[in-house]
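S.K.: Please take these sequences and the hints and turn them into a complete structure.
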Amino acid sequence: MASISLCIAAMLLLGIVGMARSWLGRAHEVVHGGMALVCGAAALTVLVRLAGDGTDVEILALPVGLPWLRANLRLDALSAVFLLAVNLVGCLSAVFGWSYARHEAEPGRVLPFFPLFIAGMNLVLVADDAFVFLMAWEFMSLSSWLLVLASHREEETRRAAYVYLVMASFGTACLLLAFGILAGQAGGYGFEAIRAHPPGAVPASVAALLVLLGAGSKAGLVPLHVWLPLAHPAAPSHISALMSGVMTKVAIYGLIRVLFDLVGEPLWWWGAVLAVLGAVTAVAGVLYALMQDDVKKLLAYSTVENIGVIVIGLGLALVFKSSGVPALAALAMTAAMLHVLNHGLFKSILFFGAGAVLTATGERDLDRLGGLIHRMPATALFCLVGAAAISALPPLNGFVAEWMLFQAVLNGPLLEQWELKIGFAVIGALLALSAALAAACFVRFYGIAFLGRARSPGAAQAREVDAVMLSAIAVPAVLCVVVGVLPKLAIAMIEPANRLTTGEGMFDAGGHGGWVWLAPASAFGNSYSGFMMFMTILILTILAVFMIHRYASNRVRRSIPWACGFTDPAPLGQYSASSFAQPLRRVFAGQIFGARETVDMPAPGETRPARFTLEMRDPAWDRLFTPVVRLVGWLADRIDGLQFLTIRQYLSLMFFALVLLLVMVAVSQ
Amino acid sequence: MPGIHYDIAHMLGAVVLLMSFALLYQRRLFAIIQAFALQSVVLAAAAAWQGYIQDAPHLYITALLALSMKAIAIPVALHRVIDRLNIRRTVDTALGVGPTMIAGVSLVTLSILLVLPVTADVTALTREDLALALSVVLLGLLTMITRRNAIGQVVGFMSLENGLILAAIGVEGMPLIVEMLVAFAVMVAFIIFGIFFFHIRERFDTLDLHTLENFRGERR
Chain B
155 MASISLCIAA
165 MLLLGIVGMA
175 RSWLGRAHEV
185 VHGGMALVCG
195 AAALTVLVRL
205 AGDGTDVEIL
215 ALPVGLPWLR
225 ANLRLDALSA
235 VFLLAVNLVG
245 CLSAVFGWSY
255 ARHEAEPGRV
265 LPFFPLFIAG
275 MNLVLVADDA
285 FVFLMAWEFM
295 SLSSWLLVLA
305 SHREEETRRA
315 AYVYLVMASF
325 GTACLLLAFG
335 ILAGQAGGYG
345 FEAIRAHPPG
355 AVPASVAALL
365 VLLGAGSKAG
375 LVPLHVWLPL
385 AHPAAPSHIS
395 ALMSGVMTKV
405 AIYGLIRVLF
415 DLVGEPLWWW
425 GAVLAVLGAV
435 TAVAGVLYAL
445 MQDDVKKLLA
455 YSTVENIGVI
465 VIGLGLALVF
475 KSSGVPALAA
485 LAMTAAMLHV
495 LNHGLFKSIL
505 FFGAGAVLTA
515 TGERDLDRLG
525 GLIHRMPATA
535 LFCLVGAAAI
545 SALPPLNGFV
555 AEWMLFQAVL
565 NGPLLEQWEL
575 KIGFAVIGAL
585 LALSAALAAA
595 CFVRFYGIAF
605 LGRARSPGAA
615 QAREVDAVML
625 SAIAVPAVLC
635 VVVGVLPKLA
645 IAMIEPANRL
655 TTGEGMFDAG
665 GHGGWVWLAP
675 ASAFGNSYSG
685 FMMFMTILIL
695 TILAVFMIHR
705 YASNRVRRSI
715 PWACGFTDPA
725 PLGQYSASSF
735 AQPLRRVFAG
745 QIFGARETVD
755 MPAPGETRPA
765 RFTLEMRDPA
775 WDRLFTPVVR
785 LVGWLADRID
795 GLQFLTIRQY
805 LSLMFFALVL
815 LLVMVAVSQ
Chain F
1457 MPGIHYDIAH
1467 MLGAVVLLMS
1477 FALLYQRRLF
1487 AIIQAFALQS
1497 VVLAAAAAWQ
1507 GYIQDAPHLY
1517 ITALLALSMK
1527 AIAIPVALHR
1537 VIDRLNIRRT
1547 VDTALGVGPT
1557 MIAGVSLVTL
1567 SILLVLPVTA
1577 DVTALTREDL
1587 ALALSVVLLG
1597 LLTMITRRNA
1607 IGQVVGFMSL
1617 ENGLILAAIG
1627 VEGMPLIVEM
1637 LVAFAVMVAF
1647 IIFGIFFFHI
1657 RERFDTLDLH
1667 TLENFRGERR
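As you go down the protein sequences, you meet chains B and F in turn.
Residues in the first sequence are numbered from 155 upward in steps of one, following the numbering used here.
Residues in the second sequence are numbered from 1457 upward in steps of one, following the numbering used here.
Derived by calculation from the structure, the hints in this document are not laboratory data.
Hints should not be assumed to be uniformly reliable.
Claimed, not checked - Some chain B residues near chain F, calculated using beta-carbon distances under 7 Å: (1) Arg-771; (2) Leu-805; (3) Ser-806; (4) Phe-809; (5) Leu-816; (6) Ala-820; (7) Gln-823.
All C-beta atoms in this analysis are idealised placements derived from N, C-alpha and C, irrespective of residue type, glycine included.
M.R.: Next comes the structure, spelled out in structure tokens:
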């Protein structure tokens, strides 16, 4: 605990160093290098802790804050898992930022807030009372808001920052109310007090829904996800990786902390709501991602999908926990938490990769990239690992988590309520759909950006980025492989957090199946071995390469590529990002996105080019936000009249308000 | 002799309330000021009586202040304002007498319903006094919103303040300084009102708030 608090203090200090940039010549190096060291140290501390026993709880009460309340901090297994994710990605993004942020136009807009942002996230994770939690939450939101605003001269960025600020305020307001309800009439805002006196069923349900709204808006649950695809592309890439890879996870942490730890005995329908929302989020997120041409927007929507997958896991865990099957709850929870760590890893690969591509080519539009595998081979390799991992391909880490989630779904028939049995099947189907679509999405991403031929001069002249950036991309790529091949290492670290939240370890906890086989549900049920899978793939690959070289001609042949009959194929004749997405767009987009394709085809003989235009909308805007905005505007118009009352009307207003309150007091006695 | 003490205090409080009702239905400016002066006289008497039965000499000062300022100085000043502005004959169009009275009675009922259960554990004198005082405050507010003329509103405000004094003198151990401060606040308010009267008059030739509202371009 002490070491984590020291790390947080060091981060705050580095933030001050960042502010003093104009006096300090080497502030850039100090901040990024310092953050890499501090985050690395924090990550190592929790790693050692998790590798050891991990079940002990450390408490620290700092004599700061409100007069009658100290700042209570607490480090337990659940915090530790998320601290690991935050600080690992924080360390990587500091390393990446070392090189990447040199090209920043206004470093003063990033440098101070980068350490503060990470400090805020760390503080949320160790908060032990509602005040510290909310303060840290706001700290995190505001510093990330300032980071989103870094390139404030662009109109789009300002809009993104505005939407983000509104959503963040909305989320915090919901959390504030939720903690108010949890604290109850006694007003115990310490988490210990809340744990000791859990509220009754109705207030607890209201609090659970409020937390779902508050944390869900930060995590990006559909339909509260609208800020996410706006804000992530606006921020610098290493910040996007942080926001997308770990800030959304801090929101997930809030969800877990309240629903599994503070609120007492959960009700089964909370889990059902979570799982359904998660499933909708997963499918919608990946569909949105498939339609995007902007690389960072695509990645942001893919984050929405992954949050959906995690929330499905939480929902299943909640249902199993309240139905009295804690071992399965632990399984779903492990899957969710493993996915939290995984997503942090592969989303940072991909965002760093997008940042590297952006520095090398100056392009973010998929249709202006292409052929980068020749120009930037190392980045391309690591991005391939990231894309394969996020598509849940074995033997990488993404597969392990989704596989365990499916194991949990397949155990749905153990439940008693028939609604849940059917619901689990539907959710499983949606999960499978989203996994398949995610694979398609990343085939598109990788294929269009890295394969084929360059579609723009920028892409044609790209240079590989420097070693510092590459190392920041390489480390998570290696970790993806390690976690995928030896998943039990990571699962063992999650185990204590699991026991804390679901009250039970996974069936496999006792080392069933040794270190190779993962048998999460039972000794006779399904089991999976990342190591075996890895070896099989390795051997088959070697065999295939050998066969090709042995039995096929290995001489290089050069020929003109086939190009639909054109003799001089322009790069634009290639299969493009929009062409790739078109079939899926045809299937889903009509209803979901209100997509309209119009083709302006010139008549025979005309010399003007044909034009294809595509219009797409986010239905969350049309069906939820626009009506809400209109309602608020309408109400504001009505209330506006209050500014132009006569003196007597003002007095009457006060008078009737007073009388009404007095009547309420009289009646309530 | 607690019986007669209580009865007299109660009666004086009730007369203050009665004067509030009188204030409520008067339509001519002159009569309104008269009713207010009368209310202040009774208030001074109530304060003096409370000073006697509570054995609290500072309440005599309160009584003196109420008598000199509210019963004499302010009514005289208001008379002079009316004379100088020459609005002696103005009839203050209020809400109809019937509805006003019904509203007033309901307010008194409300305050009794409100105060009696809340203050179950204090002496009977304080309880009754607080209920009466709250009624006077609410009626003062009602007077303010049923007046169209600025002077009517000022008097309503002053009578509201009488209710506060009534509450203050009924509670044992209320320090003098509180009452002094209230009295001075009202004095300052009155001076400001006076200045505004003349400014409004100078500009609009009337004290009818209607004109002000029209001037500001407001909806009616």
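S.K.: Determine for every hint whether it applies to the structure shown.
M.R.: So, going through the hints one by one against the coordinates:
1. Among the interface hints, the one on Arg-771/B is violated; its C-beta lies about 40 Å from the nearest C-beta in chain F, farther than the 7 Å criterion.
2. Proximity of Leu-805/B to chain F holds as hinted, the smallest CB-CB distance being about 5 Å (cut-off 7 Å).
3. The interface hint given for Ser-806/B holds, since its Cβ lies 5 Å from the closest Cβ of chain F, which is under the 7 Å cut-off.
4. About 5 Å separates the beta-carbon of Phe-809/B from the nearest beta-carbon of chain F, less than 7 Å, and the hint is met.
5. Residue-level restraint check for Leu-816/B holds (minimum Cβ-Cβ distance to chain F is 6 Å; threshold 7 Å).
6. Because the smallest distance between the Cβ of Ala-820/B and any Cβ of chain F comes to about 5 Å, under 7 Å, the interface hint for this residue holds.
7. Taking 7 Å as the C-beta contact cut-off toward chain F, the hint placing Gln-823/B at the interface holds, the least distance being around 5 Å.
Hint violations for this structure: number 1 only, all remaining hints satisfied.
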